[in-house]
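Colleague: Chains A and B are the protein sequences, given in the same order.
Just so you know, our numbering puts 265 at position 265 of the first sequence, and the rest follows in order with no gaps.
Just so you know, our numbering puts 513 at position 31 of the second sequence, and the rest follows in order with no gaps.
A hint or two may mislead.
[Said to hold, decoys possible] The calculated lysine to aspartate or glutamate pairs, modelled on EDC-like cross-linking and capped at a C-alpha distance of 20 Å, are:
| # | chain 1 | residue 1 | chain 2 | residue 2 |
| --- | --- | --- | --- | --- |
| 1 | A | 95 | A | 351 |
| 2 | A | 352 | A | 430 |
| 3 | A | 28 | A | 100 |
| 4 | A | 352 | A | 429 |
| 5 | A | 95 | B | 659 |
| 6 | A | 352 | A | 97 |
| 7 | A | 361 | A | 262 |
| 8 | B | 650 | A | 430 |
| 9 | A | 361 | A | 430 |
| 10 | A | 352 | A | 227 |
| 11 | A | 28 | B | 673 |
| 12 | A | 424 | A | 355 |
| 13 | A | 98 | B | 659 |
| 14 | A | 95 | A | 147 |
| 15 | A | 95 | A | 186 |
| 16 | A | 157 | A | 227 |
| 17 | A | 98 | A | 34 |
| 18 | A | 424 | A | 351 |
| 19 | A | 28 | B | 608 |
| 20 | B | 650 | A | 227 |
| 21 | B | 650 | A | 100 |
[Stated by the list, open to error] Stretch-level coverage of chain B by chain A, calculated; a stretch enters the list once three of its residues show a Cβ under 8 Å from a Cβ in chain A:
| # | stretch |
| --- | --- |
| 22 | 536-549 |
| 23 | 631-643 |
Hints are computed from structural coordinates only; laboratory data are not their basis.
No residue lacks a Cβ here, since even glycine has one placed at the ideal position from N, Cα and C.
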Amino acid sequence: MFQSLSTILPELFLAVTASLLLGFGLSKTQDRSDIVRNIAAGLLVIFGLMGFVLDRPAGTSFNGLLYNNEFSDFLKAVIGLAAAAALLLSKHYFKSEKLDRYEFSVLTLYSVLGMSIMVSANNLLSMYIGIEMQSLALYIMAAFNRDSLRASESGLKYFVLGALSSGLLLYGASLVYGFTGSLDFETIRASIELTGATSGVIAGMVFLLCGLAFKISAAPFHMWTPDVYEGSPTPVTGFFAAAPKLAAMAIIARLTIIPFSDILGQWQQVIVVMAVLSMLVGALGAIVQTNIKRLMAYSSIANMGYALVPIAAGTVAGIQGMLIFMTIYVISVIGVFATILQMRLRNGMVEKISDLSGLSKSNPGMALCITFFMVSLIGIPPWLGFFGKWFAFAPAFEAGLAWLVVIALVMSVVGAFYYLRIIKMIWFDEPTREFILAPRTVRFIAIASALLVFPLLVIPGTGIGIAAMNLAETAAQALFAQ
Amino acid sequence: MLIAITFYLLAFTAIAAAFMVVAARNPVHSVMFLILTFFAAAGLFILMGAEFIALLLVMVYVGAVAVLFLFVVMMLDVDFVELKQGFLSYLPAGLIVAFIILAEMIMVGAAYFSGASKTVVPTDPETSNLERFGEVLYTDYAGAFEAAGLVLLVAMIGAIVLTLRERKGVRTQNAMDQIARTREEGVELVDVEPGQGLG
Chain A
1 MFQSLSTILP ELFLAVTASL LLGFGLSKTQ DRSDIVRNIA AGLLVIFGLM GFVLDRPAGT
61 SFNGLLYNNE FSDFLKAVIG LAAAAALLLS KHYFKSEKLD RYEFSVLTLY SVLGMSIMVS
121 ANNLLSMYIG IEMQSLALYI MAAFNRDSLR ASESGLKYFV LGALSSGLLL YGASLVYGFT
181 GSLDFETIRA SIELTGATSG VIAGMVFLLC GLAFKISAAP FHMWTPDVYE GSPTPVTGFF
241 AAAPKLAAMA IIARLTIIPF SDILGQWQQV IVVMAVLSML VGALGAIVQT NIKRLMAYSS
301 IANMGYALVP IAAGTVAGIQ GMLIFMTIYV ISVIGVFATI LQMRLRNGMV EKISDLSGLS
361 KSNPGMALCI TFFMVSLIGI PPWLGFFGKW FAFAPAFEAG LAWLVVIALV MSVVGAFYYL
421 RIIKMIWFDE PTREFILAPR TVRFIAIASA LLVFPLLVIP GTGIGIAAMN LAETAAQALF
481 AQ
Chain B
483 MLIAITFYLL AFTAIAAAFM VVAARNPVHS VMFLILTFFA AAGLFILMGA EFIALLLVMV
543 YVGAVAVLFL FVVMMLDVDF VELKQGFLSY LPAGLIVAFI ILAEMIMVGA AYFSGASKTV
603 VPTDPETSNL ERFGEVLYTD YAGAFEAAGL VLLVAMIGAI VLTLRERKGV RTQNAMDQIA
663 RTREEGVELV DVEPGQGLG
């Protein structure tokens with residue numbers, strides 16, 4: 001029993017502490033939102049590192065509902081740290097918009113709990129419950145600025161389309177259940193091995209992947225992304241773009257590698273179509289955007305397309321590449337949103353790309369940070385984004401998907417246009433506005449992320465890059481060993 | 483014999499009530515007929531031995547969804563007369579949809595009866611659906627059950643966060659103050675002289 005409890009320790013920890021924190025924040029006499037936020041960020045860091053500090057054996061819990069191994073440990077670490085960073089970023093924004101309420105931090109904890117259940121789900125039921133828990137918390141966070149028409153609209157839009165995707169997901173799950181007789185991932189795999197690819201299983205698998213494509217906003221299920229990103233409060237958008245994407249990507253990897261490993265030919269087609277469409281939509285849609293949050297939405301669609309490329313390979317190297325790519329993407333996206341949060345004039349936040357023009361003269365530090373992120377997102381060699389793309393595309397190339405890699409590279413070049421446009425505006429245009437100095441936390445997170453995407457840490461000899469890569473490799477191998 | 487009579491009675495009620503949902507002039511009556519339809523359908527499920535689904539139907543659809551409809555109908559000022567005016571012009575489209583659904587149902591039925599061996603038979607006819615359901619829900623799926631409770635908690639937090647507005651300067655009862663009152667603050671003993679009153 002204790003062995004079983006130790007495998008779900010991170011989930012138990014989050015569930016209990018989040019509920020306690022909810023009670024703690026409920027004070028009539030004083031506003032505890034600050035202290036609740038700091039505690040929640042600390043809890044998220046502890047949660048993230050729990051998998052590495054404690055020597056826990058891989059294993060199932062709750063009669064096979066959850067399976068914890070190095071794969072889920074790795075993802076929990078990235079998700080926990082990303083969520084903690086997003087939470088710390090939210091402080092000054094919510095304070096200045098007079099939205100500072102402690103429930104936000106508690107909801108973040110619950111959504112991370114949902115993601116944690118997702119990444120260690122070993123059963124269609126626990127997968128669904130994890131997805132619902134994180135999305136429900138995200139819908140509320142999107143509409144958190146309830147007096148703003150746009151935030152309410154984005155929350156509602158996200159909710160309705162999320163409900164639709166849950167419907168697709170459940171329909172697929174019921175088909176898979178009906179045709180294989182089990183909800184358990186390993187039993188489904190055994191059943192497919194026995195019966196081969198029946199049409200019911202294939203239809204169910206396609207529906208499952210479509211439902212999950214909503215969550216990672218892969219085209220053709222991306223329509224909600226720009227509106228929701230634009231309407232939600234900026235720190236919430238930063239949170240949306242990072243951790244939940246990683247969790248949904250992980251569950252796609254888990255589904256394709258464990259239960260559907262025998263029908264690789266079938267799911268590969270679905271993943272490839274979604275990858276190509278996402279890269280196209282992301283690269284072309286971003287060109288005409290003027291709002292930087294919308295631009296980041298399209299950038300995120302394109303990046304999800306890139307991340308699907310290595311999954312399509314279906315190999316250990318592919319999953320490792322996806323993990324590395326997504327981790328680097330999460331770091332740079334948090335950095336980008338930390339700089340967007342610094343775009344504040346005396347009378348409020350601005351979100352236009354043109355507001356950045358001439359930033360190098362008024363605020364060189366911030367200009368340098370944005371330039372680093374943009375260069376990394378393009379994938380220019382010394383920056384980390386290049387290595388992300390390298391590890392993502394190489395396995396697909398080796399798996400015989402050379403044409404897919406060619407499309408990905410062409411789309412990267414097209415996408416470089418709008419990133420370069422921002423860099424050009426920052427360095428060569430005339431300054432129009434002067435931002436007020438951002439709070440220290442926000443600047444610190446922006447600079448830390450900028451240093452992380454700068455190849456300082458992957459230079460041989462520092463060892464951090466190698467260690468991270470080894471972690472990703474162990475995680476990918478653990479997924480296949482199950 | 484009794485089962486056949488019950489079936490036809492319930493089936494007739496269901497169809498007649500479903501028709502009245504569309505045909506009734508008063509929207510409140512429509513919702514009432516909708517509730518009747520749900521009840522009749524629940525009865526049909528019980529006849530099939532699916533008592534759990536019947537209970538769910540009554541609890542979820544009658545208890546929650548239909549009441550919600552009733553609220554919407556009564557609270558929103560929708561001009562139903564205007565809404566009904568296009569009834570005849572929508573009829574052809576409605577008929578086409580109804581016809582497609584009918585054809586699908588006939589095909590599903592035909593396919594079902596042609597391969598009768600595929601029918602699912604309960605492994606143990608002695609225990610009821612509810613018992614079997616409870617057995618797996620609280621053992622195999624206990625973890626998922628607990629997590630679903632947390633999902634509901636998140637939904638509750640969300641409903642409160644998005645709607646609760648604290649208003650300043652509203653006088654409210656303070657239960658603790660009321661309970662903490664002592665006899666000394668609450669009661670005053672006055673020694674009244676005979677024939678003088680309290681003045």
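Colleague: So, for every hint listed, does it hold in this structure?
Modeller: Going through the hints against the structure:
Under the criterion of a C-alpha separation no larger than 20 Å, the hint pairing residue 95 of chain A with residue 351 of chain A is consistent with the structure, at around 18 Å. Of the supplied pair hints, the one linking residue 352 of chain A and residue 430 of chain A holds, its CA atoms being roughly 15 Å apart against a limit of 20 Å. A C-alpha spacing of about 15 Å is found between residue 28 of chain A and residue 100 of chain A, which places the hinted pair at or below 20 Å, so the restraint holds. Between residue 352 of chain A and residue 429 of chain A the CA atoms are separated by roughly 15 Å; this keeps the pair inside 20 Å, and the hint holds.
With a CA separation close to 33 Å, the supplied pair residue 95 of chain A and residue 659 of chain B exceeds the 20 Å bound. For the hint pairing residue 352 of chain A with residue 97 of chain A, the CA-to-CA distance comes to about 18 Å; that is within 20 Å, so the pair holds. For the given pair, residue 361 of chain A sits about 57 Å from residue 262 of chain A by alpha-carbon distance, which is inconsistent with the 20 Å threshold. Distance check on the hinted pair: residue 650 of chain B and residue 430 of chain A sit about 48 Å apart at the alpha-carbon level, beyond 20 Å; violated.
The suggested pairing of residue 361 of chain A with residue 430 of chain A holds, with an alpha-carbon distance near 9 Å, which does not exceed 20 Å. With a C-alpha separation of about 15 Å, the suggested pairing of residue 352 of chain A with residue 227 of chain A holds against the 20 Å cut-off. The straight-line distance between the Cα atoms of residue 28 of chain A and residue 673 of chain B is roughly 43 Å, outside the 20 Å bound, and the hint therefore fails. This hinted pair checks out: residue 424 of chain A and residue 355 of chain A have alpha carbons roughly 13 Å apart, not beyond 20 Å.
For the hint pairing residue 98 of chain A with residue 659 of chain B, the CA-to-CA distance comes to about 32 Å; that exceeds 20 Å, so the pair is violated. A hinted pair counts as satisfied when its Cα atoms are at most 20 Å apart, and residue 95 of chain A with residue 147 of chain A qualifies at roughly 15 Å. At roughly 48 Å between alpha-carbon atoms, residue 95 of chain A and residue 186 of chain A are farther apart than 20 Å, so this suggested pair is violated. Distance check on the hinted pair: residue 157 of chain A and residue 227 of chain A sit about 8 Å apart at the alpha-carbon level, within 20 Å; holds.
A C-alpha spacing of about 13 Å is found between residue 98 of chain A and residue 34 of chain A, which places the hinted pair at or below 20 Å, so the restraint holds. At roughly 17 Å between alpha-carbon atoms, residue 424 of chain A and residue 351 of chain A fall within 20 Å of each other, so this suggested pair holds. With a C-alpha separation of about 55 Å, the suggested pair residue 28 of chain A and residue 608 of chain B falls outside the 20 Å cut-off, and the hint is violated. As the CA atoms of residue 650 of chain B and residue 227 of chain A are separated by approximately 34 Å, the hinted pair breaks the 20 Å bound.
Restraint check for residue 650 of chain B and residue 100 of chain A: the C-alpha separation of about 17 Å stays at or below 20 Å, so the hint holds. A stretch counts as covered by a chain when three or more of its residues have a beta carbon under 8 Å from one of that chain; for the stretch 536-549 of chain B and chain A the count is 0, and the coverage is violated. Counting residues of the stretch 631-643 of chain B whose C-beta lies closer than 8 Å to any C-beta of chain A gives 9; at least three are required, and the coverage claim holds.
In terms of the numbered hints stated before, the structure departs from hints 5, 7, 8, 11, 13, 15, 19, 20 and 22, listed from lowest to highest.
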